[in-house]
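Chain by chain, the residues:
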Amino acid sequence: MTTPASAAEKATPTNGKRRRGSDRSRSEARLGWYLAGPAFVIMLLVTLYPILQALWDSLFSLRLTALDETEFIWFRNYQVVLGDPAFWQSLWVTVLITVITVAVELVLGFILAMVMHRAATQLRGIVRTAILVPYGIVTVVSAFAWFYAFDINSGGYINNWFSWLPGITEDLNWFAAQGTSMFVIIASEIWKTTPFISLLLLSGLAQVPGELEEAARVDGATGAQVLRRVILPNMKAAIMVAVLFRALEAFRIFDNVYIMTNGANNTEVLSLLAYNTSIGRLEIGLGSAISVLLFLCVLIIAFIAIKGFKVDLAGTRGDT
Amino acid sequence: MASISLDHVVKTYPDGFTAVKGVSLDIADGEFVILVGPSGCGKSTLLRMIVGLEDITDGELRIGEKVVNDLAPRDRDLAMVFQNYALYPHLTVYENIAFPLRLARGQFSDSEVDERVRRASALLELDEHLERKPANLSGGQRQRVAMGRAIVRQAKAFLFDEPLSNLDAKLRGQMRTEIARLQRNLATTTVYVTHDQTEAMTLGDRVAVLRRGELQQVASPRGLYDQPVNLFVAGFIGSPPMNFLPGIVEGDRIRLPLVDVPLDDRLRTAVGEREIVIVGIRPDAYEDVDTLEPHKAEGGVRFEADVDVTEWLGEVLYAYVPFETHDAVREKLAELDRDLDGEGMRTQLVVTLDSMSTVRAGDAAELWFHPDSMHIFDAETGDSLTRDEDRAAELEEEAKEQRRRALERAKRRAEREAQAAADGEERASA
Amino acid sequence: MGGMSTKQRIGWVVITVVVLLWSLFPVVSILMTSFKTQAGLFSGKFLPPEWTWENYATILAPGGSAQDLFLPSLRNSIGISLISTVVAVVLATFCAYAIARLDFRGKKLILTTALAVSVFPVVSIVTPLFNLWRSIGLYDTWPGLIIPYLSLTLPISIWTLAAFFRQIPWELEQAAQVDGATPFQAFRKAVVPLAAPGVFTTAIIAFFIAWNDFVYGISLTSTSAARPVPAALSFFTGASQFEEPTGAISAAAIVVTVPIVIVVLIFQRRIVSGLTQGAVKG
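Protein chains in written order, with the numbering used here: chain L, 267 to 586; chain F, 21 to 450; chain X, 23 to 304.
Quick caveat, the hints were computed from the structure, so don't treat them as lab data.
Certain hints may be false.
Simulated crosslink set (DSS-like; lysine-lysine; CA at most 30 angstroms straight-line) [as the list claims (entries may be wrong)]:
no. : chain 1 : residue 1 : chain 2 : residue 2
1   : F       : K176      : F       : K431
2   : F       : K86       : X       : K29
3   : L       : K573      : X       : K130
Remember, it's a predicted structure, so these values are computed and weren't measured experimentally.
Whole structure, please, built from the sequences with the hints as guidance.
Okay, structure coming up:
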C-alpha cells in the first residue's frame, strides 16, 4: 500500500506550501472550498450539531413527558446510566456481537476473497453477483428472513431441517433465550456484511502482485507458506482497515436486534438501549447520555485502531 | 546443477490457443542458453513451463534424468529472476535473499543462512543495503537482490525472464556483463529469456530462436549470424537487420533492385532452377567505394545509389537507400516484417559505412559489396539456400570448445578457493 | 492456472454452488414464506404446501388490509431515497472534483470528516434530531428524513467519487482544448463521458444505503406521511388479531428486494469497483 507513487503523492503538500503565496494557488484554494464547502458544511451540520446537542441535553433531566420538571443536573444522567446494570449488560452484548461477527467475517471474507481472486472469469462474475445480494438487501428484510426461518411461531423450518443435530428439537424456541437469540442475530449480521469485508480484502489481495506468489513458489514455498509469508504480510494494511470499518459498523448494530428480539432475553445492544430510552420512553436526557457514551465507545475503538495498530485510514488513499 | 531437456513440449491454453508448438531442446549441464524471439513467440511461456508456473499440455520435460512435468515449482529446485524482480516488499534485502532458505524449515541453521546470504551479497556487492527494504532501492540494486535470491539456494538451474528490460540502457549494459561473469563463475545451467538481441548474442553459449511457438534454430551466436537457416532467423539476428532484396535470375546473372550480380559457383548451386529468390545482405557488407582500400575492391560489385537519409553515430554512419521491391516477394517480406514486430514501412536498404565516409543525405553514393556476403533464400519457404552445413558445424564446435574451457576455468577457480579456505582453516586450528 | 483438470473444475463448481446457496438462501426463504397461506406458515416446511398470491394482494391490491400501510411507505422510500441520493451525489461531485483536481489546504480535513461521519453511530444523532424536528415541524416529513440521510449518503459518495475522479486522465481536458475545444466543450466531450460511470455507480451505492435505513425511519416518523418501507414493515399487523403478519411482511420484503437484485445483476462489476475504491484502496 505504500508504493513509491503514494510516497510521491504525499510530497504534494510541500509543493502546495511552496506555492501558497501565489495568486493562482490562492484562487485555486478559494475555488476548492467553494466546490467542497457545501458538502463539508452539510456533513458537519448533520452530525456535529446533533452530537453537541446530545452532549448538552445529557446534562438535563429532560423528559418529554414532564417538560416543566427539566433542570440542569450536571452529570447525574451519566451517573444513573453507568450505575445501571442494564447499560453494562448491553455494552457487553454489543462488544460480544462486534468481536464475534468481525472475527468470523474476517475468516469467511478472506476465504470468499480468495475464491473470487482465484476463480476463472465466469465463475468470479457469478460469485461476485451472488455476494452482492446480501450487501444490497435491506437489513430489516434480512432480519425478517432469518427470523422467520428460525422462529417457531412464524413457521420456522430450521428446527425440522436440523433436528438431527444434538440440542435442536422440533419445538426449540430460538428467541426464548439469550444464547440462541444471539446466535441468529450474529448469523444474520455475518450474512449481511461479509460481502463488504470480502470485497475490501479482495482489493487488498489484488494489490499483491501475482509475481510475488510465483516467485515464492519457485523459491520453494508451499501453499500455506505463500499465504502466511507473502500474501498476508503484504495485505496487512487492507486487513486492518477492513476490520476497523466493520468493527465500527458492527458496534452500531440495531436493525436486526430490533426486529428479532427488540432486546428481549438480554439481547439489548447499546443502540437499542439509547433508542428505547429516548424515543421509546421519551427520556431525552438519559437517552442523550447513552448516545454520548456510544459515541465515545466508537471514538475509543477508532483511536485504539489508529494509534495502537497504526491503521492509516486516510493514508491508504495515497495522497491528500 | 543439472541438464534440462525438453521433448516435444506443447502448451495449449484453455481457449485453444497454442503458444508453444512442440519444442525440443537439450540444455547441457552448466550451459547458458538464451530463448529469444519477437513478442508472442512463446519464449516466456516456455520458461514458465520449465519452472513449473505453467502446466505442460503435452511432451516431456526432464531436469537431470527426472521427468518433472507434474512437479510443483517448489519441488523442481530451480531459481528464477522475474522481469519485475518480484521482491517481497515487506522484507529487507537480507530477508529477501534468505527467503528460499527460510522456507526449507530445519534445513539450514541461522548461522548457515547468514553465511550464505553474506556470501551472495558480497558477490553482488549488496553488503551495505542488506537492511533496506526493496522500495528504497534503485532498479539495478533490485535486480541484484533478485539475483541474490536466485543464487543463495544453489539451485539446479537459473531461469531469467527478461531480467534487464526494466533498466535503462547504461545499467542494462553493466548488469549484462555482471550476469555473464556470475554464470561463468558459478557454472550453473542457465535459461535466459529476452527479446533483446544484444543480450542474446553476448550472453549465450547457444541461442534458441523462436517464432510463433516454434523453434527455428538453436546455435551459437556466431552460427546464427553467419549461417541462419531461414529468413526469420537472418532477419531477427543482427542490428541493423539484414537487407532483403528480390533477386531475379536471368542467365548467369542475378538482378537486384540496384545492381546485377554475376552468379558464381556457390550462388549457382544455391539458386538451382529458381527464377526468383530473396537475397539477404547484411548492412556491414557494404562499403563506400571512396573509403574502400583498393586491394579489397577486387571481385566485388559496385553500384550507384541515391542516399535518402543518413545517420551519423560517431563510430559508424548509416545510410538509407529506398528501393522498389518486386511483386513476387512483396507478400513474403511483408509477412516476415510482421513476424519481426515491424510496422510494414517503406522498403529501404540500410548500409553501414565507415564513419569517415563523406556520403550525406541526397548524395548519389557509389557503394560496393562482395557476392560472397550474399545469403540466398527460397522465395516461397524462406529457407536458406546458401547455408554451409560444414561451416555451421565448425562454428558450433568452436563454441563448444570455448564453453568447455570456461567451465574448466571456473572449476579450477572453485578448487583453488576451496583449497585456500581449507588452508586457512588448518592455519587457524594450528 | 492454465488448463484446469476435471477435478479442479468440479471443485470450483462446488465452491460456486456453496457461495450461491449461502448468499441467496435467506432471500429464497422469505420468497417461499411470501407464497404461503396462513395455514401453510405453520407447516414448518421450506416450500409452501399450497402456493398463494394472497399475501401480495394484502399489500398491493386495493382493499388489501396492509395496502394503506405499504404503498405510502413504498412511495416515501423511493422519493426520500432518490432525493437524498441526488442531493448527495451532486454535492459530492463538486467536492470530489475539488479534491481530485485542485490543490488546496483542507482536503485531508474534508476526507477525514467524511470518514468520521460515515462511522458515526446513527443512534447518537437521532435523539437530538427527534427533539429538534418536533420543535421545528420537520418531524414526520420528507425533508425531516432527507436531511439526516445525507449523513449516510454524502460521506461514501465523496470517497467513492474522489477515488473515481483521481483515475481520470485529466490531461484529456487540456488535450481537447489544444485541439480547439472551448473549456466547456472540453469538459463535456472529454471529462463527462469518463466521469459519468463513476457518478452513476456512486449513485447506486448511495441509493442502497438510503434505501436500507431503519433507525431514522422509525425514529423520525409517526405516520405514513413519511415512514419508509423498512420502518413500515415493523408496523405490520395481521388481518385479525389472531393472524400473524408474517406473509404480508414477506411479500413486502420481496417487493423491495427484487429491484435491488436486478440492479445488482446488471451493475455487478461497477458496484464492486465503486465499493472497493470508495472504502479503501492502496
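Exercise. CA of K176 of chain F to CA of K431 of chain F, is that 30 angstroms or under?
Worked result: holds, 16 angstroms
Problem set entry | Holds or violated: K86 of chain F to K29 of chain X, with C-alpha atoms at most 30 angstroms apart | The hint holds at about 26 angstroms.
For this session: Would you check the hint for K573 of chain L and K130 of chain X, treating anything up to 30 angstroms between C-alpha atoms as holding?
Result: holds, 18 angstroms
No hint from the list above goes unmet by this structure.
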